[in-house]
Amino acid sequence: MVFTVSLFMVIQYFVPLDSWAWMYQYLIDWTIIIGVFALLLGIWSLLRVNWGKISRRSENWGYAVITLVGLFVMLIFGFFPGGGNLNNYVYEHFFFYILVPIQATMFSLLAFFIASAAFRAFRARSVLATLLLIAGLVIMIRFVPMGPLSEPISDLASWILKVPNLAAKRAIIIGIGLGAVATALKIMLGIERAYLGRD
Amino acid sequence: MKYILPGFLVALLLLMALSVTAIAQEQDETVGEDVDTLMQPIEQEPPPKPVITAGEDRPNDNGHKLTIYWDYPQEATGKIDYFEVYRAESPDGEFKLRGTSPSNYFEYFDIGDSDENAEDYLENDKDLYYKVVAVVEDGPSSESDVAGPYHAVGQWFHTGKVPVMIAVIIFAMFTIYFIQSARKGKDLFVRPLAGIEAVDEAIGRATEMGKPILYVLGIGTAADIATIASFTILGRVAKKVAEYQTDLIVPCYDAIVMSVAQDVVKSAYLEAGRPDQYSDDQVFFVTNAQFAYVAGVNGIMVRDLPATNFYLGYFAAESLILAETGNSIGAIQIAGTDQVTQIPFFVVACDYTLIGEELYAASAYLGRDPLLLGSLKAEDWGKAIFMVLLAFGVLAVAFGWEGFREIVRVNL
Amino acid sequence: MNIFDRMVALDRRWVFLFLFVVVALAYFFRSQFSVGVVTTGEVESIYNFIENAQPGEKILVSFDYDPSSLAELHPMSRAIMLHCFRKGVKVVTVTLSQYGAGMVEEITREVSAEASELYGREIVYGEDYCFIGYRPYPAFVILGMGENFRVFFPRDYYDTPLDEIPIMHRVRNYDDLKGVIAITSGTTSDMWIIYGNARYNMPLSLGVTGVMATDYYPYLGNALFGLIGGWKGAAEYEKLVKQEADANEGMPAQVVAHLTIVLFIVIGNLGYLMTERKKKITV
Amino acid sequence: MEDSMTVELLWTTLAALLTVATFSFLYKDNPFYKFAEHLVVGVGAGYFAVLLVMNSLKPTLIDRVIIGQWWYLIPGILGAMMWFRFSKKLAWLSRFPIAFYIGTSGVAIPLYMYNSVNRQLSATLDLTPGFGSLTEFWNIIIVIGVLTGLMYFFFSKEHKGAFGGAAKFGIWILMLGFGSSFGYTVMARVSLFVQRIAFLEEWYFMVKNYFV
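Those protein sequences? They're chains A, B, C and D, same order as listed. The opening residue of the first sequence carries number 1 in the working numbering; numbering runs sequentially from there. The opening residue of the second sequence carries number 200 in the working numbering; numbering runs sequentially from there. The opening residue of the third sequence carries number 612 in the working numbering; numbering runs sequentially from there. The opening residue of the fourth sequence carries number 895 in the working numbering; numbering runs sequentially from there.
These aren't lab readings, by the way, just hints derived from the structure by calculation. C-beta atoms are modelled at their ideal positions from N, C-alpha and C, and glycine is treated no differently. A few of these clues could be false.
What the hints assert, rightly or not - Simulated restraints on C-beta separations:
#1 D:Met899 with C:Gln643: 24 to 34 Å
#2 D:Ile1035 with B:Phe598: 15 to 25 Å
#3 D:Ile1035 with A:Glu151: 19 to 29 Å
#4 D:Pro925 with A:Gly147: 43 to 53 Å
Assemble the whole structure, with the sequences as input and the hints as a guide.
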């Protein structure tokens, strides 16, 4: 199964015909459909874990209730017979006023973590760490007005972005490309099959 | 063995050269048409008639597209405003306006829809007739003779992608060859990777401290190569964890990934002889909203205080949030991803990082499975060939053989 | 524990607190002080490109982002369009983002109103700018526009045939434009390079979000003649056209944030080097 | 009018409080963060469950089967086979959809080959190498950087001698690249934070306007 599907996926890339494009789209639809069916397993797992916490009265079990309430509010108002759809008032407002702000704030925590990571790791411990430090510092200082120094720093920053940054990215991308193709081939040939639960 | 590499290289170059000449010939044909230089009888008005010279299918596609070329006296272009292009299914059928072209361009690319039900549908392999009208907005226009029939056709093979195909075939042959030779028991040397060596130590540390191990598969789907590579590593890690009788926590982002991870961990425990210790509560689904997932995993970290964190798989912006939170609880962290943009953050914030392809290699390293190791050898050869091609190409271009660029170029 | 040890082992929460406070303050008092933004070559080259254009020349601006990246990309869109209107360069706009159309309408309306007021001449749709609309499958659209704009856009967004719009008269494809500026928040930037520049070789420059910018530096000088990255790039452009607004307002916060991080890195290293030296002496 | 303003203010206040609760994680784990975290996990899962069913399952499966495209029932059956995981005896059936799903990863073979190998090769060759100008010289350095960087990734060769030296140069280049990416990203992350501050400021003005 894996082999046939994989092989088709490889060959379709080279064939521009309509019939093949249709087949490809059809198979991609399969993955979407399987994904949605599987989602039920995910929801089940979420229920199980949280229900377990509540019934065991384990530490912080009260918070498990909040998770379940959030989940059921979304499911009920989203699927509500008659009124249930993506534009349902509760569903929409929970999205805009709960999901969006918390996710955006989680994302913005990065501003702090990037600072603490830099503070901790950008130390001149070894040649490698020093190179990391120098490149990072030059790019960051580019932001700060430094009078006459600004121009050379800005040039240096551009150089780092254009030369070593490019070379580094390319080397990594090429390696990843070959590695990914090799891994995909192994999957196709059934050599890498840990995902089936056996070695 | 020694001659395999140069042999392949020569074959590769030959094949590429062949495909390029094929493409070049195709392109030549497009200019081959004789230019019709018959002078139009000079009239006061209307302007001269356009003369349709060709209607060609566009190569390397699914059809449904035609390019129409026509001739027009250069000196008359100033007198007209634009051209209109009409199409019909028979010479005396109903001509429908397809579009316009500015007065100084004598070609039109007719793109039809490939959907039968669309209004704009252009059927493949069907006779189509065209005429072009030179339009003068405030005066009489002149119409070309009907030309055709022309056909749009879908192609079986995309010739522009030949270099990709050659690369895939060669690389597949390498992989199969080295896996076969590994199967025969040939010993293959692999250099140690710090991140891999650390895995045992990290699991041992958690055991000593009596703390759990957290394994994050990332936010990819089960069809992402990085996630699949991570499954294999998860299997190895889970087996060791089961042997040491430490707790393993695997919070998942995707339901299919969760299902597969459950199978993987369950069978690893079985293999280690401790199936009774496994429970589906260890490998569970959190949520499939990116930063909600991060919030959940962060919560697990600060409450369950794992001693070792693995982040292996597909990661996006959450990489640094996870790694910094993990660092703040003092966990040993081993990370790896094939997402180029996230590697720097893992390198900075984690103790060990598998950079890019090292993630794929990790499964082979951990298992010491000769079949998997064989493919590492193939990857190395792939890299070597690439390097030779690159070095040769740069020299070739530097010494003026610019055509080499076109030999390796993929024309989508 | 002396001061240097403390510098090394500083609790990360001090970093967080300091950063939070200074950035918040810098943002609240953004109108109080301005930062001298240093302009970079990659932004200047876009500025010069438009500056050197003759009045009446045309450029294509593609707004390939949706409302979620509006905050980061809108300032550069505004600055570029104002510059074009000031120079009398005509702007053809298009969007390759599904949710972009409404946004483009809004931006063009706002900016043309602002420009009319600033430069004392009416900015007219069809004369100074036009919006040809949205089509899905960006790669195909980019290729199609390389052949003829009319392939995918026989009519503009408001259903006027392209040949009846004064700007589009005698404009067939990229060859008839001075260049293309694509302001994008996603994969369309790659497509502009691969399908646009590589195939049709028109002058191309990109405006991208801060995260994406490093990926496109490599193309500078070959595929791209200029690059505007995130707020910093937008602030530079605003400064060049002397229309400081949103992006420059965000700059004080950016500068103090960068300064804070640099400062903490210096503290960390100073502490580290001093303790290392001490270790060597005692041993 | 008054009412809709009150309602909007209440929702925005909720969002503002949740924003602050999430920020409190920077100090340490606390009940407010726990509340926000558990809420967002539940809401997120519910949101996507509804979205996927309405936007993916309905148009790709249900709507099509209704108009008679019965062949879309096949993936439906395959999908339903995932559910056999709940049964111990029939759990093996769920391997078919998984095997299919993983099989689609084959698409990566040509795509990665094209994007990471062919395209990178062409892109590197498109640079003009030479010693005529500084840019041309740097282009040669780029090529050397790519070559040595790749050497670093060789698995079957020990980093010794000349090869080891080259690989070392390769990792230096990699580190410079990582540092610059890291440094550049600071700007984007700070703008995210500024946007949250802007949101809080907006909320503050909203409250002020409401009561004044």
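Quick rundown of the hints versus the structure:
About 31 Å separates the C-beta atoms of D:Met899 and C:Gln643, a value consistent with the hinted range of 24 to 34 Å. In this structure the supplied range 15 to 25 Å holds for D:Ile1035 paired with B:Phe598, their Cβ-Cβ distance being about 19 Å. Against the hinted window of 19 to 29 Å, the Cβ-Cβ separation of D:Ile1035 and A:Glu151 comes to about 22 Å, which satisfies the hint. At about 49 Å, the CB distance of D:Pro925 to A:Gly147 agrees with the hint of 43 to 53 Å.
The structure shown violates none of the earlier numbered hints.
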